[in-house]
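Participant: Taking my numbering, I'd label the letters of the sequence shown as residues 124 to 307.
Among these hints, one or two may not hold up.
In silico DMTMM-like links for lysine to aspartate or glutamate, alpha-carbon gap of 25 Å or less [what the hints assert, rightly or not]:
hint : residue 1 : residue 2
1    : K304      : D253
2    : K268      : D246
3    : K290      : E274
4    : K268      : E175
5    : K290      : D244
6    : K304      : D250
7    : K256      : D244
8    : K157      : E251
9    : K157      : E177
10   : K290      : E276
11   : K268      : D253
12   : K268      : D278
13   : K283      : E251
14   : K268      : D302
15   : K290      : D250
16   : K290      : D246
Quick list of simulated restraints, FRET-style, between CB atoms [what the hints assert, rightly or not]:
hint : residue 1 : residue 2 : range
17   : L176      : T306      : 50 to 60 Å
18   : I163      : K290      : 22 to 32 Å
19   : P152      : D253      : 39 to 49 Å
20   : T306      : A149      : 57 to 67 Å
21   : D250      : Q160      : 24 to 34 Å
22   : T306      : R168      : 40 to 50 Å
23   : G295      : P243      : 18 to 28 Å
24   : R186      : V153      : 30 to 40 Å
25   : V234      : K257      : 18 to 28 Å
Just so you know, the hints here were simulated from the structure itself, not pulled from any lab data. From the three backbone atoms N, C-alpha and C, an ideal C-beta is built for every residue, glycine too.
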Amino acid sequence: MSGRRSKPKTRRIVLPEGQRRPLGEAAPPVGSSKHLQELIDLLRRNNLTELELEHQGVRIRLRHELMAKTPVVVHQESVPAIPQQPSHAVSSTTPVPEGTAGFVTVTSPIVGTFYRSPSPDADSYVDEGDFIKKGQVLCIVEAMKLMNEIESEIDGRVVKILVENTKSVEYGQALFLIDPKATP
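Start from the sequences and build out the full structure, keeping to the hints where you can.
Facilitator: So this is what it looks like as structure tokens:
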């Protein structure tokens, strides 16, 4: 191998008239939180995986994976789970309650913040006892300012919500118990 890396594909983006900054309006300082938020919005609106900017000696590089819908890890319990000790001393995960045989556990596919509703003043996506359909949004897990909708992989009834709203969740942490045998 020659050791040379191929040049990444670049794409110049020209913003539509409605998205451009009005003439005379000053851009936020390079690297400020407002500037970074504008760059993140630009990244999202244009479905980019990476954005690199160099201006006035400041270099900014933003990168993320495009995820329209976050896959959900689902386990079906056939016997009560035997709690396993984590390999590290401190664990912030919620244990799955015993006696959950036959229920499906919906777990977090990423580390982030758990939200039961799309905004603080909106109704929760689901409540305990609700019947749900495959593909229905159960919650949001926010990771690095990206809101990831967690959808149900099955039809059933929400038996238990295992995480409090606005609490941090770990990868693989149990979020919901679903009874797949329940019917409306």
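Participant: Where does the structure disagree with the numbered hints, that is, which hint numbers, in rising order?
Facilitator: Of the numbered hints, 8, 11, 12, 14, 24 do not hold.
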